[in-house]
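A.B. asks: Residues per chain are reported as follows:
There are 2 protein chains.
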Amino acid sequence: MELLKNKVLQEGKVLSGKVLKVDSFLNHQMDPVLMKEVGREFTRRFDGERITKVLTIESSGIAPGIMTALELNVPMIFARKQKSLTLREDIFVEKVFSFTKQETNEITVSRKFIQPGERVLIVDDFLANGEAAFGLARIVEQAGAEVAGIGIVIEKAFQPGRRVLKEAGYRVESLVRIGSLEDGQVTFAEDGE
Amino acid sequence: MELLKNKVLQEGKVLSGKVLKVDSFLNHQMDPVLMKEVGREFTRRFDGERITKVLTIESSGIAPGIMTALELNVPMIFARKQKSLTLREDIFVEKVFSFTKQETNEITVSRKFIQPGERVLIVDDFLANGEAAFGLARIVEQAGAEVAGIGIVIEKAFQPGRRVLKEAGYRVESLVRIGSLEDGQVTFAEDGE
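Going down the list, the sequences are from chains A and B. Residue numbering for the first sequence follows this note's numbering, starting at 1 and increasing by one per position. Residue numbering for the second sequence follows this note's numbering, starting at 1 and increasing by one per position.
Hints may be right or wrong, so weigh each one.
No copy labels: a pair is met if it fits in one copy or bridges any two.
[As the list claims (entries may be wrong)] Result set (SDA-like, lysine to any residue): computed pairs, CA atoms no more than 25 Å apart in a straight line:
no.	residue 1	residue 2
1	K21	K81
2	K112	F188
3	K21	T52
4	K5	R50
5	K21	E190
Derived from the structure by calculation, the hints contain no laboratory data.
Based on the provided sequences and hints, a complete structural model is requested.
C.D. replies: What follows is the structure, given as structure tokens:
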């Protein structure tokens, strides 16, 4: 997605060989026109997948998630992150480890919002190790629903997230794939597999 | 806003005399078409205010915030909530007390995203005691910018938020005003003052 590549080149800040800061348009300040285009592009890529719901995770997934849900004309759910939790029967819970923050969070979704047989599109802002996307996928499957696909705004292709998710059988579509952040430079990876 | 009133009546759950649960369309699952209408309505109400930026707070403010920013064609920022924080020079910080959760959070915004002279529209999902909106307003003023107005999706008019914000000189526009949640029933308050 050219618009997004240009934004990454113009405004992304390479903080290390692994960390790209995009807080001017995706993670803190958000560009609503870009988010709308992100929603359109996911809708185009997952055309024909009969999606009934979009699932994302707070907080940075919500804007691309709601724009995708608007284009698809289906509801969106955002999973909540919590440090720890009293067990409750009315929610799905999965543990998700964050390599960046070196901590485990519990992510939760109310059982009433995902029904058996639904086809759920998972949307997230970043893909690195795939832990968050995997946690969301496990929640969809706990509900007896199907993962229609995983839509990622920015993939760090030099980390194992895509491989791990594909090996588990999920279709992953990333709008921008970063091949490397070495020497303070963003290099894009080829699209696709 | 009739569409929103109907949604509150059909799907809102009164949990107590003070708590209305709207997790099927605003706080957990979100209705994107409704959020788009919310954005349009705020844009209509704040027409002529020369707004340069929308400011909201994670997580439930993000969807109404981004839709409003899209209609206004300006960037959106979401403030982050944290339990406690090491002081940093590059961020604005305000303390916000939550009566619901009986805890104080620090809310933060990067200094680089609000410039002196900007006109900022604050958007949030709920107004009760006004603590969050006030914290966001203080951040705007720390930046040397102006609060163009405060747009609230659902106001609990039986709590003091609106009065407190108006006494401080802010313009408050709520799309739905709840007058009472007594006896498990939603009663709407009149629009306006």
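A.B. asks: Each hint needs a verdict: does it hold in this structure or not?
C.D. replies: Outcome of the hint check:
{"no.": "1", "hint": "K21 - K81", "verdict": "both (21 Å within a copy, 19 Å between copies)"}
{"no.": "2", "hint": "K112 - F188", "verdict": "neither (40 Å within a copy, 27 Å between copies)"}
{"no.": "3", "hint": "K21 - T52", "verdict": "between (32 Å within a copy, 23 Å between copies)"}
{"no.": "4", "hint": "K5 - R50", "verdict": "neither (28 Å within a copy, 30 Å between copies)"}
{"no.": "5", "hint": "K21 - E190", "verdict": "within (21 Å within a copy, 46 Å between copies)"}
Figure legend: structure checked against the earlier numbered hints; hints not met, in rising order: 2 and 4.
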